[in-house]
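Visitor: Starting from the structure of chain A, add chain B where the hints point.
2 protein chains.
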Amino acid sequence: MPALSPLNPPIRTLLGPGPSDIHPRVLAAMARPTVGHLDPYYLQLMDRLQDGLRQLFRTTNRMTFAVSGTGSAGMEAAVVNLVEPGDPVVVCVNGVFGARMCDVAERAGAKVTRLERPWGEVFAVDEIRNVAAAVKPKLVGIVMAETSTGAYQPIEPIAQAVHEAGAMILVDTVTALGGVPVEVDAWGLDAVYSGTQKCLSCPPGLAPVSFNERAMDAVKNRKHKVQSWYLDASMLASYWGSDRVYHHTAPINMSYALYEAVSIILEEGLDACFARHDLNHRALKAGLAALGIQCAAQEGFQLPMLNAVRVPAGVDEAKIRSELLARFGIEIGAGLGAFKGKVWRIGLMGYGARPANVYLLLAALEQLLAEQGRPFDRGASVAAAGEVYSAK
Amino acid sequence: MPALSPLNPPIRTLLGPGPSDIHPRVLAAMARPTVGHLDPYYLQLMDRLQDGLRQLFRTTNRMTFAVSGTGSAGMEAAVVNLVEPGDPVVVCVNGVFGARMCDVAERAGAKVTRLERPWGEVFAVDEIRNVAAAVKPKLVGIVMAETSTGAYQPIEPIAQAVHEAGAMILVDTVTALGGVPVEVDAWGLDAVYSGTQKCLSCPPGLAPVSFNERAMDAVKNRKHKVQSWYLDASMLASYWGSDRVYHHTAPINMSYALYEAVSIILEEGLDACFARHDLNHRALKAGLAALGIQCAAQEGFQLPMLNAVRVPAGVDEAKIRSELLARFGIEIGAGLGAFKGKVWRIGLMGYGARPANVYLLLAALEQLLAEQGRPFDRGASVAAAGEVYSAK
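Protein sequences, first through last, are from chains A and B. FYI, the numbering for the first sequence is 226 to 617, going by our numbering. FYI, the numbering for the second sequence is 226 to 617, going by our numbering.
In isolation and in its complexed conformation, chain A is listed as follows (with noise of 0.2 Å):
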């Protein structure tokens, strides 16, 4: 029986869509001794952690908690929870993860109402306040990071006006959480779901996800069980609740790494990180500028940590990507769907979002672009770049 051969992965900077580059910190704490999933230490690490979501959510809701899947599985904890069968429920779909959440709440036995815009728009209050008042639906569902398009929706205004239809808001928070302001009692916002490998620089396997009391009275009050059985808000609540009810054995050391992983954002402080994503957003957005690259996203809607941005013409860029990545160790994302050979998808997430990643990508691009004759001044991007932090 033959052995597999040696776990030797290569050394990455991820500058994609996620994951993201992750904190050394966090990397030492999933190889921490695993302990029970009743364990009274891990019954505490999960009051803490906890805790600890809650602080980036800005919330005090109690079902607050951390689902044992990735961010999809957060969504359709999300969805399968709040939705019954035959519910009238509006998506807004302007990117790949809207276009999910349609299929995962088609699934789940809703009658969807898809809104749409073009990729790499955003949805304007009065359009998601005319189909909620046409629709009447329970819960309406938007991506506040579309990661597909580094288009950044605003949701304040958008939670008021679904609130006002009497619907519930169901926010995607995946790439949002830890890079963006996300204020789940400040907004309203009735579920929300994240995922960890995002600006949290956490490796993938969990989804934080955060129930109000309006969204749990749903869950208690639905006519039909959930459709899903490991993804049951009521029974998970025992679990995560004071009550400590067996349900499914946690995920222990992805627990440990998203303690961490969480513990690191709160000891810089939650505005400074969203500060420092912008700030290297910023610097990135100018090199690109200076090497003729352009975001995809609406000017004024642009996300700071995911940034997708069109491929210049005449340019091969498959072969940029797999040259980065072959060459200097770099990865950044390709184009999905609408936008699938036209964008590069560029992340500057959590541990990744720092200057050193900054002038390494656009030294790196600025010469392959050169290779591919691109005219343009070399040298010019970094420079570009290191104003913006000069300036600061």
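Just so you know, these hints were derived from the structure itself, not from any lab. A few of these clues could be false.
Which copy is meant is left open, because identical chains are indistinguishable; a pair holds if it fits in one copy or across any two.
[Claimed, not checked] Pairs of lysine to any residue, SDA-like flavour, derived with a Cα cap of 20 Å:
| # | residue 1 | residue 2 |
| --- | --- | --- |
| 1 | K445 | R342 |
| 2 | K363 | E596 |
| 3 | K363 | G391 |
| 4 | K544 | A228 |
| 5 | K450 | G311 |
| 6 | K565 | D351 |
| 7 | K336 | A359 |
| 8 | K567 | E542 |
| 9 | K450 | R339 |
| 10 | K450 | E309 |
| 11 | K448 | P310 |
| 12 | K361 | Y471 |
| 13 | K336 | P310 |
Guide: For chain B alone, kept in the frame of chain A given last:
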């Protein structure tokens, strides 16, 4: 904003029903540098991991991979893919996990016939043949290693009876895999699922699964979409298959851990690994017998890796468990459901199945029982275990 207190998990010896003692190489693998989920290295790792899992399951099934969730997500993945609303399904229930499978199948819309046996007993072929003839199920679900009772269910003859009735068989191998033979191809098992935190000695977080061609045909010929987007096997087949179509972001570092865990087993050799589990089980059983402690499961059908044993009369079982943890750092499991307060569950799983752990547990248990005034020869349990090892 208060940061979280430092992460300092205590060092435990995990001899409960899982998570089991994690091999140090597996913990180290968790902390290796994260790469992207579409990185050429990761795609190659997925291929090799699938090969390794095929060896563990003793199958050539193309659809052999790891679900991005814990063992219960593996159960749900198997059920929701194979079952459509209204499908007749038989589930064999002689403990917690059979009962869980009923719940999962009912949530998937199955018409579930629940075949019951008392806790600790196993099913006979005839009773399954009879119920299959009466119900004409699409699927029969059964647990091979019932972690709540320690019962070791023979699978091969049941698989044959199920197939004669025209149904598919789904086998829960969560605790079995890596500890006793799981012969997916030789026994003709249509679908199996497992977990990482039992005999693979890997932290919880992934669920190895395997579907044969017949099961995948059932998935392909479904009338309704699979209710779970996250667990949809046809979409997962495109990611784990040669297309590598992005579905969700795989838990990269958990995959490293599983890869290393599988490799360790293949290096030892599966048969040697089973023999080691058996030997340590016999040593433990002999030692426990010297303490007057007997297995709870039916004689002749006792699992080697999970020893559910009856708490002697007059012993404060919770006190013993808490003192094992507090004074010796040893975790053993409490009874669940019908066995609550009546049994201890002692796991000797994977890396945990070794003489050092057997001796440690016997010595500690003997001391604590003596402190509670139990009469027996001090040292007899360790001596009895030693005789088993010496006679090998």
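Visitor: Would you pick out the hints that fail for this structure and give their numbers low to high?
Guide: Structure breaks hints 1, 2, 4, 6, 12.
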